[in-house]
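One line per chain: the protein sequences are A and B, in this order.
Per the working numbering, residue 36 is the first one in the first sequence, and the count goes up by one each step.
Per the working numbering, residue 833 is the first one in the second sequence, and the count goes up by one each step.
Rather than coming from a laboratory, the hints here were simulated on the basis of the structure.
Bear in mind that the values here come from a model prediction, so they are computed numbers and not experimental data.
A couple of the hints might just be wrong.
[Stated by the list, open to error] Under 8 Å between C-beta atoms, here's a sample of chain A residues computed to sit facing chain B:
hint, residue
1, Leu-78
2, Pro-96
3, Trp-131
4, Thr-135
5, Gly-141
6, Pro-142
7, Thr-147
[Said to hold, decoys possible] To spell it out: a stretch of chain B is covered by chain A in this simulated footprint if at least three of its residues, at any positions, have a beta carbon under 8 Å from a beta carbon of chain A; those stretches are:
hint, segment
8, 854-867
9, 871-878
10, 907-918
Backbone N, C-alpha and C define an ideal beta-carbon position, used for all residues, glycine too.
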Amino acid sequence: DAGVIQSPRHEVTEMGQEVTLRCKPISGHDYLFWYRQTMMRGLELLIYFNNNVPIDDSGMPEDRFSAKMPNASFSTLKIQPSEPRDSAVYFCASRWTSGTDTQYFGPGTRLTVL
Amino acid sequence: EDQVTQSPEALRLQEGESSSLNCSYTVSGLRGLFWYRQDPGKGPEFLFTLYSAGEEKEKERLKATLTKKESFLHITAPKPEDSATYLCAVQARVDSGYSTLTFGKGTMLLVSP
């Protein structure tokens, strides 16, 4: 069974550009999480969805960040406009309500904003 | 607010030299404590979940234990392939709905041959 899939794996962009990160959760999982990881702050939850509905976006740093989940198989995290301080590794994770509380992580997208 | 503190930040061991990693936590009521392993350039990989004080779980050279205030990840006779960053996370107990995970910053373990 394929795990969580993220694309792209690496993204380098210039300040002010729009960035879109993509995630495909594990098939059958009904929760999807977006995290950001930096050396300073560690792993931080940005937003999570349940059955494609955003439940808690209190971790989204500012209005430049937005996330959508149009269907159970796909989610995007968009940054517009991007800034150098957005440089980090962004992870997507998913879990299944009827399973344990374990979240399964994707390989991440390393974002560099110049 | 839930808090997780991991120590040490980094640990260097010789192959075969056993040691322990610490995860101290503050949570209103604990639903679960999670340990993950993260290799460079990869996402966190699930290791264990502990639910109550006194509980222990083992996997190969790793054993996780839990008290009311902290968890330890004991590494017995480590090998170089155990080198990774180990993350601890807590999940608070809630009356309804889902409670998200709060992660510590991790302990970077390096095992030299």
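Now the hints, each set against the structure:
Given the 8 Å rule on beta carbons, the hint for Leu-78(A) holds: about 4 Å separates it from the nearest Cβ of chain B. Taking 8 Å as the C-beta cut-off, the interface hint given for Pro-96(A) is violated, the closest approach to chain B being about 16 Å. Checking Trp-131(A) against chain B: minimum C-beta separation of about 12 Å lies over 8 Å; hint violated. The criterion of a C-beta within 8 Å of any C-beta in chain B is met by Thr-135(A), whose closest approach is roughly 6 Å, and the hint holds.
This hint holds: Gly-141(A) has a C-beta 5 Å from the nearest C-beta of chain B, less than the 8 Å allowed. Given hint, Pro-142(A) at the interface with chain B, holds; its Cβ is 5 Å from that chain's nearest Cβ, closer than 8 Å. At its closest, the beta carbon of Thr-147(A) sits 14 Å from a beta carbon of chain B; the interface hint therefore is violated under the 8 Å criterion. Only residues whose beta carbon comes within less than 8 Å of a beta carbon in chain A count, and the segment 854-867 of chain B has 3; three or more means the coverage holds.
Given as covered by chain A, the segment 871-878 of chain B passes the check, having 6 residues with a CB less than 8 Å from a CB of that chain where 3 are the minimum. Against chain A, the segment 907-918 of chain B contributes 0 residues with a C-beta closer than 8 Å to a partner C-beta. That does not satisfy the three-residue criterion, and the hint is violated.
In this structure, the hints that do not hold are numbers 2, 3, 7, 10, in rising order.
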